[in-house]
Amino acid sequence: MAEYAHPEVLVDTTWVAEHLNDPNVRIVESNEDILLYDQGHIPGAIKIDWVADLNDQVVRDYLDREHFEQLLSAKGIGNDTTVVFYGDKNNWWATYALWVFKLYGHKDARIMNGGRAKWIAEGHDMTKEVPSYAPTNYKAPERDDSTIRAFRDQVREHIKKSGVALVDVRSPQEYSGERTHMPEYPQEGTLRGGHIPTAVSIPWAQAVKEDSTFKSRADLEALYGGKGVTPDKDVVAYCRIGERSSHTWFVLTYLLGYPQVRNYDGSWTEWGNGVGLPIEKSYQG
Amino acid sequence: MDRQEAIEFLLDHYQNPRNHGPLDPVDVTMPGGNPGCGDIVTIYLKVNDAGDQIEHVTFEGTGCTISQAAASILTEMVEGQPLATIDDMDFNDMIDQLGREVVNTRPRCATLALGTLKAAITQYRNNKIRADLDASSA
Numbered sequence: 040m041a042e043y044a045h046p047e048v049l050v051d052t053t054w055v056a057e058h059l060n061d062p063n064v065r066i067v068e069s070n071e072d073i074l075l076y077d078q079g080h081i082p083g084a085i086k087i088d089w090v091a092d093l094n095d096q097v098v099r100d101y102l103d104r105e106h107f108e109q110l111l112s113a114k115g116i117g118n119d120t121t122v123v124f125y126g127d128k129n130n131w132w133a134t135y136a137l138w139v140f141k142l143y144g145h146k147d148a149r150i151m152n153g154g155r156a157k158w159i160a161e162g163h164d165m166t167k168e169v170p171s172y173a174p175t176n177y178k179a180p181e182r183d184d185s186t187i188r189a190f191r192d193q194v195r196e197h198i199k200k201s202g203v204a205l206v207d208v209r210s211p212q213e214y215s216g217e218r219t220h221m222p223e224y225p226q227e228g229t230l231r232g233g234h235i236p237t238a239v240s241i242p243w244a245q246a247v248k249e250d251s252t253f254k255s256r257a258d259l260e261a262l263y264g265g266k267g268v269t270p271d272k273d274v275v276a277y278c279r280i281g282e283r284s285s286h287t288w289f290v291l292t293y294l295l296g297y298p299q300v301r302n303y304d305g306s307w308t309e310w311g312n313g314v315g316l317p318i319e320k321s322y323q324g
Numbered sequence: 017m018d019r020q021e022a023i024e025f026l027l028d029h030y031q032n033p034r035n036h037g038p039l040d041p042v043d044v045t046m047p048g049g050n051p052g053c054g055d056i057v058t059i060y061l062k063v064n065d066a067g068d069q070i071e072h073v074t075f076e077g078t079g080c081t082i083s084q085a086a087a088s089i090l091t092e093m094v095e096g097q098p099l100a101t102i103d104d105m106d107f108n109d110m111i112d113q114l115g116r117e118v119v120n121t122r123p124r125c126a127t128l129a130l131g132t133l134k135a136a137i138t139q140y141r142n143n144k145i146r147a148d149l150d151a152s153s154a
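Line by line, the protein sequences are chains A and B. Here the working numbering = 1-based position in the first sequence + 39. Here the working numbering = 1-based position in the second sequence + 16.
Among the hints, a few may not be true.
Stated by the list, open to error - Straight-line C-alpha distance at most 20 Å; calculated DMTMM-like pairs for lysine to aspartate or glutamate:
| no. | chain 1 | residue 1 | chain 2 | residue 2 |
| --- | --- | --- | --- | --- |
| 1 | A | Lys167 | B | Glu21 |
| 2 | A | Lys199 | A | Asp271 |
| 3 | A | Lys167 | B | Asp28 |
| 4 | B | Lys134 | B | Asp104 |
| 5 | A | Lys86 | B | Glu24 |
| 6 | A | Lys167 | B | Asp18 |
| 7 | A | Lys178 | A | Asp92 |
| 8 | B | Lys62 | B | Glu92 |
| 9 | A | Lys167 | B | Asp104 |
| 10 | A | Lys86 | B | Glu76 |
| 11 | A | Lys146 | A | Glu47 |
| 12 | A | Lys167 | B | Glu92 |
| 13 | B | Lys62 | B | Glu76 |
Note that these hints are calculated values from the structure, not bench results. Predicted, not measured: the structure shown is a model, and the values here were computed from it.
Model the full assembly from the supplied sequences, consistent with the hints where possible.
As structure tokens, this is what we get:
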């Protein structure tokens, strides 16, 4: 992993196994399937749920500073705690949670390479015991929505500029407009299919290997650079609700070291429902 | 049912789904989906000859533990029930049946199968109206 631009943000399963009792480390499981944690998790790991914990429960937005401080304090996470995320679906939701933590500037947040699947495949211990940690007094700055987060109107301006890149990380069928959701997923949620003009298609899963770990730096550079997504550009990534694109944001930012990458979390569920927003659609079915 | 019992109840149905698979003969095949987290449930419905009672209902699907377990549980709940009973079933009742404490952050997953079954019954009735009209005009 030393080959990556910021190798310190990625830990392997062995590292986690060796730090299960490290008081400076908090292991956090974030899944799409909320019952996986209850079926077994890494000993000492806590759960942070993208729906109940990280989203505002009324407005489509993330939790505010006060609730973020309360959440982390209750989970026993201090400002100096090393937080290691892992989860299902190739760490989709783990990178999503990490991205939210970075909106609040948490210093040391990492991903366990390979996620939950690799931990289980290697036969590491799992437990159903839910740990309890002494609460902390976490202090966060106001959420910074300007550095790693993009909004609809910013994307609208972004696509008029030169020297920028826009990455659609959804499936090819979603990109073409044939579908409005992933293959095998329900065709609901957006009124229009297609992609944002100028976006290049690089499905997020192309960044990982079969064992759910990330591809090598050279392979990733070829993957993104080959489509014109290079480190000299202002890059925005999007998907459907911003979870898959948080994975690509993580890859570009930390594994390849791109200096300017934002995640458009409104993504296709906002753009594909927006009145008058431009859409390119290649599917003619 | 405490939290752990509710989890075990759901896991049992997830790992050993009841009434799973397509149905033949079938009156209505109704796909349903939850775009929030990608759950899919297809309900297969067979209604009795009188047209007022579920004769058999099965399901197929993919997705999270809650959505698939809820579908399995629902098929057991509604077997042989009058269609009017399904009309009266409330999404909150379904959430309580599954264990509110466990599923309350995933209400759409918990109620996907019930919503799909309700849609299947609506389609069954619409099909019957059309068939009756065709018969009367023939």
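How the hints compare with the structure:
| no. | hint | in the structure |
| --- | --- | --- |
| 1 | Lys167/A with Glu21/B | holds (13 Å) |
| 2 | Lys199/A with Asp271/A | holds (17 Å) |
| 3 | Lys167/A with Asp28/B | holds (16 Å) |
| 4 | Lys134/B with Asp104/B | holds (10 Å) |
| 5 | Lys86/A with Glu24/B | holds (19 Å) |
| 6 | Lys167/A with Asp18/B | holds (16 Å) |
| 7 | Lys178/A with Asp92/A | holds (17 Å) |
| 8 | Lys62/B with Glu92/B | holds (14 Å) |
| 9 | Lys167/A with Asp104/B | violated (37 Å) |
| 10 | Lys86/A with Glu76/B | violated (29 Å) |
| 11 | Lys146/A with Glu47/A | holds (12 Å) |
| 12 | Lys167/A with Glu92/B | violated (28 Å) |
| 13 | Lys62/B with Glu76/B | holds (15 Å) |
Going through the hint list in order, the structure does not satisfy hints 9, 10, 12.
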